[in-house]
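If you read the sequences in order, they're chains V and A.
Per the working numbering, the first sequence starts with residue 1, numbered consecutively.
Per the working numbering, the second sequence starts with residue 1001, numbered consecutively.
Honestly, the hints are just simulated from the structure, not real lab data.
In this text the structure is predicted, and so the values were computed from the model without any measurement.
Virtual Cβ for every residue (Gly too), placed ideally from N, Cα, C.
Possibly wrong hints are sitting among the right ones.
[To be verified] Some chain V residues flagged as far from chain A (calculated, every beta-carbon gap over 12 angstroms):
hint : residue
1    : LEU23
2    : ASP71
3    : VAL74
4    : PRO105
5    : LYS114
6    : GLU117
7    : LYS161
8    : SER234
9    : THR237
10   : SER250
11   : LYS252
12   : ALA258
13   : ASP271
14   : SER287
15   : ILE307
16   : GLU312
[As the list claims (entries may be wrong)] Calculated lysine to any residue pairs in the SDA-like style (CA-CA distance at most 20 angstroms, straight line):
hint : chain 1 : residue 1 : chain 2 : residue 2
17   : A       : LYS1289   : V       : ALA7
18   : A       : LYS1384   : V       : ASP182
19   : A       : LYS1395   : A       : ALA1381
20   : A       : LYS1212   : V       : ALA2
21   : A       : LYS1221   : V       : ALA2
[As the list claims (entries may be wrong)] Covered stretches of chain V (chain A as the covering partner; in silico rule of three or more C-beta atoms under 8 angstroms from a C-beta of chain A):
hint : region
22   : 4-18
23   : 43-50
24   : 143-154
25   : 221-233
26   : 260-270
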Amino acid sequence: MAYKMPAQKYSGQIQEVTIGSDLKLGGESVLPFYSFDGDMGNKPVIGMEIWDIIPESWPEGVLNTFKDVADDPVKWAKYCEEKYNPDFICIKFEGANPDGLDKSPEECAEVAKKLAENVKVPLVIAGCQNNEKNAKVFTKVAEALPDKNYVFLSAVESNYKEVGAAVGMAYGNIVAAESSVDLNLAKQLNILVTQLGIKPEKMVMDPGCAAVGYGFEYVVTTMDRIRLAALQQSDTTLQIPMILPVSFESWKVKESIAPEEEMPEWGSQEDRGIAMEISTAVGVLGSGANAVILRHPRSVEVVRNFISEMTE
Amino acid sequence: MALNGMQIYKLLPRKNCKECGFPTCLAFAMKLAQGGTEAEKCPYMSDEAKAQLAEATAPPMRTVKFGTNDLEYSLGGETVLFRHEKTFVNRPRFAVMFSDTMSPEEIEKKIKNINAVNYTRINEEMYVEIAAFRCESQDKDTFISLIKKVTEKCSKVVPMVITDNPEIATAAVSECADKGPILFGANEQNHDAMVNLAKENKLLLGVTADGKEKLYELVEKIQKAGYRELLLDAGSRNLKGAFDDMVNIRRTALLSGDRTFGYPTVAFVCDMAQDKMMQLACASLFVEKYASIIVLSDIDYSLALPLFALRQNIFTDPQRPMRIEQGVYKIGTADEESPLLVTVDFALTYFIVSGEVERSKVPSWILIPDAGGYSVLTAWAAGKFNAKSIAKAVKEFEVENKIKTRELIIPGKVAVLKADIEDELPGWKVIVGAEEAAALPNFLKNYQQAAS
Ligand code: B12
Ligand code: SF4
Chain V
1 MAYKMPAQKY SGQIQEVTIG SDLKLGGESV LPFYSFDGDM GNKPVIGMEI
51 WDIIPESWPE GVLNTFKDVA DDPVKWAKYC EEKYNPDFIC IKFEGANPDG
101 LDKSPEECAE VAKKLAENVK VPLVIAGCQN NEKNAKVFTK VAEALPDKNY
151 VFLSAVESNY KEVGAAVGMA YGNIVAAESS VDLNLAKQLN ILVTQLGIKP
201 EKMVMDPGCA AVGYGFEYVV TTMDRIRLAA LQQSDTTLQI PMILPVSFES
251 WKVKESIAPE EEMPEWGSQE DRGIAMEIST AVGVLGSGAN AVILRHPRSV
301 EVVRNFISEM TE
Chain A
1001 MALNGMQIYK LLPRKNCKEC GFPTCLAFAM KLAQGGTEAE KCPYMSDEAK
1051 AQLAEATAPP MRTVKFGTND LEYSLGGETV LFRHEKTFVN RPRFAVMFSD
1101 TMSPEEIEKK IKNINAVNYT RINEEMYVEI AAFRCESQDK DTFISLIKKV
1151 TEKCSKVVPM VITDNPEIAT AAVSECADKG PILFGANEQN HDAMVNLAKE
1201 NKLLLGVTAD GKEKLYELVE KIQKAGYREL LLDAGSRNLK GAFDDMVNIR
1251 RTALLSGDRT FGYPTVAFVC DMAQDKMMQL ACASLFVEKY ASIIVLSDID
1301 YSLALPLFAL RQNIFTDPQR PMRIEQGVYK IGTADEESPL LVTVDFALTY
1351 FIVSGEVERS KVPSWILIPD AGGYSVLTAW AAGKFNAKSI AKAVKEFEVE
1401 NKIKTRELII PGKVAVLKAD IEDELPGWKV IVGAEEAAAL PNFLKNYQQA
1451 AS
């Protein structure tokens, strides 16, 4: 008997979403990297994370790389863009945190505007821990940068009305709907956001992220199920590209933060952090991420290589 | 292919003697077809019928073994393509590649690295399970001395003998037969000899061919020759091609129900990239989909920490949450003066926290309330880890009788609970710890110093 490849047919397709003027996400009608089944759509993209304040909490291994530019987000973004060629820049307004510097939404909008003027690649605007404050920050930033097709990370259950109304409806940017590692929660929030009047081509989703080793199996399973529902059951409410802030999680865990003096047998802290970031990124890409956010230039290089080899 | 109840019925003795516990042979056959009982329950079935039944009811993907005694491992046996459908059962095993043309320094370095990586994560011992040996010198003695050297120095590895020369294979296998090695290299030309060698020594046999079509034909031949302890390799040595092989071999078995490809696969990541971080990327993908042996060029902690952690996550049973028993746990030689911490009953969290407390060398107590088996923030968000559940545990486990301290150290992520807990537990003071448990050793040392 001759071998027969078990081709799988899918009835659904992931929505294509354009970030900025021409960075396209999604469009695939097969499981991640299943080129043997059909059209893989646009290849996954990589963004680099920067902060509006000096990220003193970052482990040395990654902070050192940016020590000359980390005091100024515009310098930092341009440095990344010129040196490492990311598909987008993710600016995280950590300085807005009410428990920290509590910067005003206007200050944040000012920074975002300067970035937009100086950087060629599109921006992803991320907030701090505080969802209430984020809604205010996102509103001001979106107002300062209307119709840019920038992504705002993110609208959650408690603030999606405010974020959706400003970012998506009033100022024509892209809303990222973030839920907590659960297919039904993701679906519900996507529906709520579309009910505000936001079109699916103006949405992305963050289904919840974790670092490998830290509840990551729930992340993979949630993403697998979202993709299967979108592609096999043609669930249109889940046919939204996924963006995963890998670096937010992977640089917090012990493997990435324990200094070498403390764990001498573990070796270079920088290497460990990079490795946790790469493994987490590949892990979510293998389950359907269309965009990942990373910190370390080395991770960017390796994950880009990985994506090219898988898609070319 | 699977048999239905009537087909099974025809294989039975039809005595209706009830010894199987069923009223009739037919009732027994029906239950058997659904997988609700075992063929052994009927004492009167002929051997031939038993064999036919075993064949028909065998799972789509075979479970194979390698190694011996404490170092014996199972591969394969998977029944689903996605872990949420049921669970993945046999985790992939990691190998480091040696060649007999490598310099002695390089070999020594790898031996050292293999021995250095050995640690425990959430109750599981992590280390490289396999040393792969590629015979490139085509010289029997050189090859055997390499295997000897490495297996003597790395006591935990099971050897994987890689050669397509049956004569060299015979010599190498007899050298390490007591370790239950994997024999890799059966191909179109040598399969008769290799199958015989594997059969004689009961070895897991790696079968390799140039592409899935050729591999399929070769496996059919080997199955006809009566050997089924196989490990498959469809020959791709680039990432994209190897991913295609892993996914489609697995789908052929599980979706098409075709047992010719119902065997585990091996991914030679060492041949897909030079760069160690790129090897890590490839290996991470293959942990998810769907390699059973992953061969790396080398190992160190930066590779092991994410890879073993990812593997541990992906291969936990989604139907059996990893929960630990509630109570107050003693770490080290804690006495009634020792510090008290509280965390949740999610096994992952508990083992991370208790590991850090152990590392601090400060004898301590850890209180585990009923937190629904969730992580700190999940349990908090779900309303299971709060002042009430913590206070309840303090009472239930008679903490106030066991320990003199009236200070409770809580996870930094739930700092908001401080005031509530102090309300619920009069006379107690709540200390907010760090967000990450990694900070506990320093924290506890300072805490102890401040106290004395
Ligand atoms: C996996 C996961 C789940 C799994 C649960 C797995 C489990 N058994 O816990 C599932 C999918 C079931 C789940 C469900 C929910 N989840 Co959940 N989940 C996660 C996820 C991705 C990882 C959690 C994890 O395993 N962490 C690893 C463990 C080891 O961390 P940990 O317990 O916190 O322990 C660390 C520290 O706290 C510290 N530590 C622990 N104990 C102690 C003690 C002391 C003294 C000290 C000093 C330190 C310390 O050490 C550890 C390592 O550093 C996180 C997001 C994330 N990336 O963290 C969301 C997250 C925790 N979930 C969240 C939510 C909201 C939920 C739900 C309520 C969603 C819903 N509305 O249904 C449900 C609740 C369950 C229910 N329905 O009843 C939110 C919580 C938001 C918040 N800040 O309140 C998070 C943060 C996601 C998000 N960003 O929205 N979740
Ligand atoms: S024990 Fe065997 S022969 Fe007897 S009733 Fe059961 S199936 Fe029939």
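> Among the hints numbered above, which are violated by the structure, and what are their numbers in rising order?
Replying inline: 10, 11, 12, 13, 14, 15, 16, 19, 23 and 24
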